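For this one, chain A is given, so just place chains B and C on it according to the hints.
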Amino acid sequence: MRSPNWDSGRLWFPVPNRVCPDELHTRGLPHFDLRHSNLARLLMKSYRKELWFQVPTRRALLNITPQVVQCLRESGIQEGLILVNAMHITASVFINDDESGLHADYESWLEKLAPHEPVSAYRHNETGEDNADAHMKRQIMGREVVVAVTAGKLDFGPWEQIFYGEFDGRRKKRVLVKIIGE
Amino acid sequence: MRSPNWDSGRLWFPVPNRVCPDELHTRGLPHFDLRHSNLARLLMKSYRKELWFQVPTRRALLNITPQVVQCLRESGIQEGLILVNAMHITASVFINDDESGLHADYESWLEKLAPHEPVSAYRHNETGEDNADAHMKRQIMGREVVVAVTAGKLDFGPWEQIFYGEFDGRRKKRVLVKIIGE
Amino acid sequence: MRSPNWDSGRLWFPVPNRVCPDELHTRGLPHFDLRHSNLARLLMKSYRKELWFQVPTRRALLNITPQVVQCLRESGIQEGLILVNAMHITASVFINDDESGLHADYESWLEKLAPHEPVSAYRHNETGEDNADAHMKRQIMGREVVVAVTAGKLDFGPWEQIFYGEFDGRRKKRVLVKIIGE
Numbered sequence: 055m056r057s058p059n060w061d062s063g064r065l066w067f068p069v070p071n072r073v074c075p076d077e078l079h080t081r082g083l084p085h086f087d088l089r090h091s092n093l094a095r096l097l098m099k100s101y102r103k104e105l106w107f108q109v110p111t112r113r114a115l116l117n118i119t120p121q122v123v124q125c126l127r128e129s130g131i132q133e134g135l136i137l138v139n140a141m142h143i144t145a146s147v148f149i150n151d152d153e154s155g156l157h158a159d160y161e162s163w164l165e166k167l168a169p170h171e172p173v174s175a176y177r178h179n180e181t182g183e184d185n186a187d188a189h190m191k192r193q194i195m196g197r198e199v200v201v202a203v204t205a206g207k208l209d210f211g212p213w214e215q216i217f218y219g220e221f222d223g224r225r226k227k228r229v230l231v232k233i234i235g236e
Numbered sequence: 055m056r057s058p059n060w061d062s063g064r065l066w067f068p069v070p071n072r073v074c075p076d077e078l079h080t081r082g083l084p085h086f087d088l089r090h091s092n093l094a095r096l097l098m099k100s101y102r103k104e105l106w107f108q109v110p111t112r113r114a115l116l117n118i119t120p121q122v123v124q125c126l127r128e129s130g131i132q133e134g135l136i137l138v139n140a141m142h143i144t145a146s147v148f149i150n151d152d153e154s155g156l157h158a159d160y161e162s163w164l165e166k167l168a169p170h171e172p173v174s175a176y177r178h179n180e181t182g183e184d185n186a187d188a189h190m191k192r193q194i195m196g197r198e199v200v201v202a203v204t205a206g207k208l209d210f211g212p213w214e215q216i217f218y219g220e221f222d223g224r225r226k227k228r229v230l231v232k233i234i235g236e
Numbered sequence: 055m056r057s058p059n060w061d062s063g064r065l066w067f068p069v070p071n072r073v074c075p076d077e078l079h080t081r082g083l084p085h086f087d088l089r090h091s092n093l094a095r096l097l098m099k100s101y102r103k104e105l106w107f108q109v110p111t112r113r114a115l116l117n118i119t120p121q122v123v124q125c126l127r128e129s130g131i132q133e134g135l136i137l138v139n140a141m142h143i144t145a146s147v148f149i150n151d152d153e154s155g156l157h158a159d160y161e162s163w164l165e166k167l168a169p170h171e172p173v174s175a176y177r178h179n180e181t182g183e184d185n186a187d188a189h190m191k192r193q194i195m196g197r198e199v200v201v202a203v204t205a206g207k208l209d210f211g212p213w214e215q216i217f218y219g220e221f222d223g224r225r226k227k228r229v230l231v232k233i234i235g236e
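Chains as they are written, first to last, in our numbering: chain A, 55 to 236; chain B, 55 to 236; chain C, 55 to 236.
Isolated chain A, as found in the complex (with noise of 0.2 Å):
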C-alpha cells in the first residue's frame, strides 16, 4: 500500500474499499483525531473517581454535594447520568435536605427503626462485629443515588443535595461516583 500522496497542496487518502479507521491507525496513515471533532462530543464518555472519607464518629450525614459538582466538572460531560454509591455496605448515600434539624431526626428515627443496642439481638454481631444496625440503617437510607446531567450540571430540584450517609464510622471508607454520557 502507497504512503498518503499530496499533490498541489492536497492530500488523497489511498484508501482501500471497506478500510477501517484502526486500520489507518495501525499504518501510520492519516486519519480524523477524535478526540478533538464534534463527532467525539457526541460519543458516550465515563468518568470514575473515589472520594474518600474518614468520619471520627460511628454516624454521619455528610453534604458531598460540592465533590460530586467537581467531579462532573472535570468529566466535562453535558449530557447524561451520574451514579454516587457507596462502595461499603454500612453507609448510604442519599439526597435530601441539609437543615441540620433534620438530620437529627434521621439519626433518631434509624435508631428507633433499626437500634444499635442491645448489640447482641443481631445474630451477625456474632461474627465479631457490632455493626449489624448499620447494614439495616443503610437499606432504609439506600445504597445510591442516579443524578440526571444536562447542560452539564446535576439537574437539581430546589432542594436536592447529596449527603454520604455514615453509619460505623471511625475508619476511612469511599463513595464512587460514575459519570456516563456525552
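In short, the hints are calculated from the structure, not lab data. There may be inaccurate statements among the hints.
Note: identical chains are not told apart, hence a pair may lie in one copy or across any two.
Unchecked claim - Below 30 Å or equal to it, Euclidean Cα-Cα: the simulated DSBU-like pairs (lysine-lysine) are:
hint : residue 1 : residue 2
1    : K103      : K227
2    : K226      : K103
3    : K166      : K226
4    : K207      : K227
Being a predicted model, the structure only gives us computed values, none of them experimental.
Positioned in the frame of chain A, the structure of chains B and C alone reads:
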C-alpha cells in the same frame, strides 16, 4: 488552504493531515451530516422533561406511567436507561402495584413508621415546617427509579407501574424524566 | 453519480456535498465498516438478559452476583452502567453482605417492620392475596441497583454482593439485567 475542488462531477476533500471534522465544518468544507446517518443512530441521545403535579391533599399516590411512556415515545430512544426522580425532597418516585387496597396499606404503614403527629416530635419542624415526617416517608419509598428501555418500550414485568408518592402536597411539585440511549 | 474510481492504486470517493454515510451505504459505495473500527468501540452498546428464579419458600435471599458477572462478560461492555432490577413487585434486588447471620437479621427485622401476620391487617389481602407485607418489605430493601462498569468489571467495594430478595416465592419470578456502555 484551497477550497473543495470539483473534477468532472467528483469532489476531492483537500484534507490536511489530522484535520478534524470540526475544522472541516468551520472552514465551510463539505462534511458528513451526522444527524441523518446510520452513524447518528448509534450515537448516544438524551431527552429531558419535567412533569408537574399539584396534589390537593397532603399525601397521595399517583400512577404516572402514562406520562413516562409518552416521554419515551417523544424521545425516540430505543435502547437505554430512563431515570424518573422526584425533584423535591418530601416526595418519592417508586414502582409497585396499582391497587387501591395496597395504596391504603402504604398510607397507614408509612404513618406507623414515621407519623405526621405530633409535629413537635421532630426538630426539623422547629424551622417552621410541619413536614419532617414527609422527609422520612420519602426515604422509605425512595427518590427515583431507573428503568431499562428495550426496543423503544419500558422493559417492565407484568405488574410494574411507576408512582409519584406525594407526602407534603397542596403545592406545585415536579418529577424529572431523563432518558439516555440510542 | 459515478462509481468509485481507482487511479494507480488509489481510490477517490466521488462524494457530493453533505452526502451522509447512509447514502454511501445505499449506493453501494465504499464506507468505513463501523463494526470493527475504533470508532465502533466508542459507540454505545446495550445488553439485556432475564434471570429466572423459583424460590421454594415464601422468603429467601439469593446471591446473584455470579450471574450478573456472567452477563457483563457476555455483553463485552467495558465502561458504563448496569441496572439489575426485580421485575416483580414483591421482590427486591439490593447490595449488601453475604453473611448468613446478617440475612437472618434482615428476615426478623423486616418481619418486625412489616409483619406477614395477621394477613387480614392489610386491605390489599382482601383481593384474595396474602402478600401485602411483601410489597412493604420490597420498598425497604429496594427494587433495583445501578452498578458502575469499569474496565469490564463490576466496580465494587470490598464486600459488595448483589442479592435477589424474595418475599413472596414458590413461583417463577424474574430479574432484569440491562447494561449500557461502550
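Taking the hints in turn, this is what the structure says about them:
Taking identical chains as interchangeable, the C-alpha atoms of K103 and K227 lie at most 30 Å apart only when both belong to the same chain, with a minimum of 14 Å there against 33 Å between chains. Only within a single protomer do K226 and K103 lie at most 30 Å apart by alpha-carbon distance; the minimum there is 16 Å, versus 36 Å between protomers. For the identical chains of this complex, K166 and K226 are intra-copy neighbours only, at 27 Å inside a copy versus 32 Å across copies, given an alpha-carbon limit of 30 Å. Proximity of K207 and K227 under a CA criterion of 30 Å is satisfied in both settings, with 26 Å inside one chain copy and 20 Å between copies.
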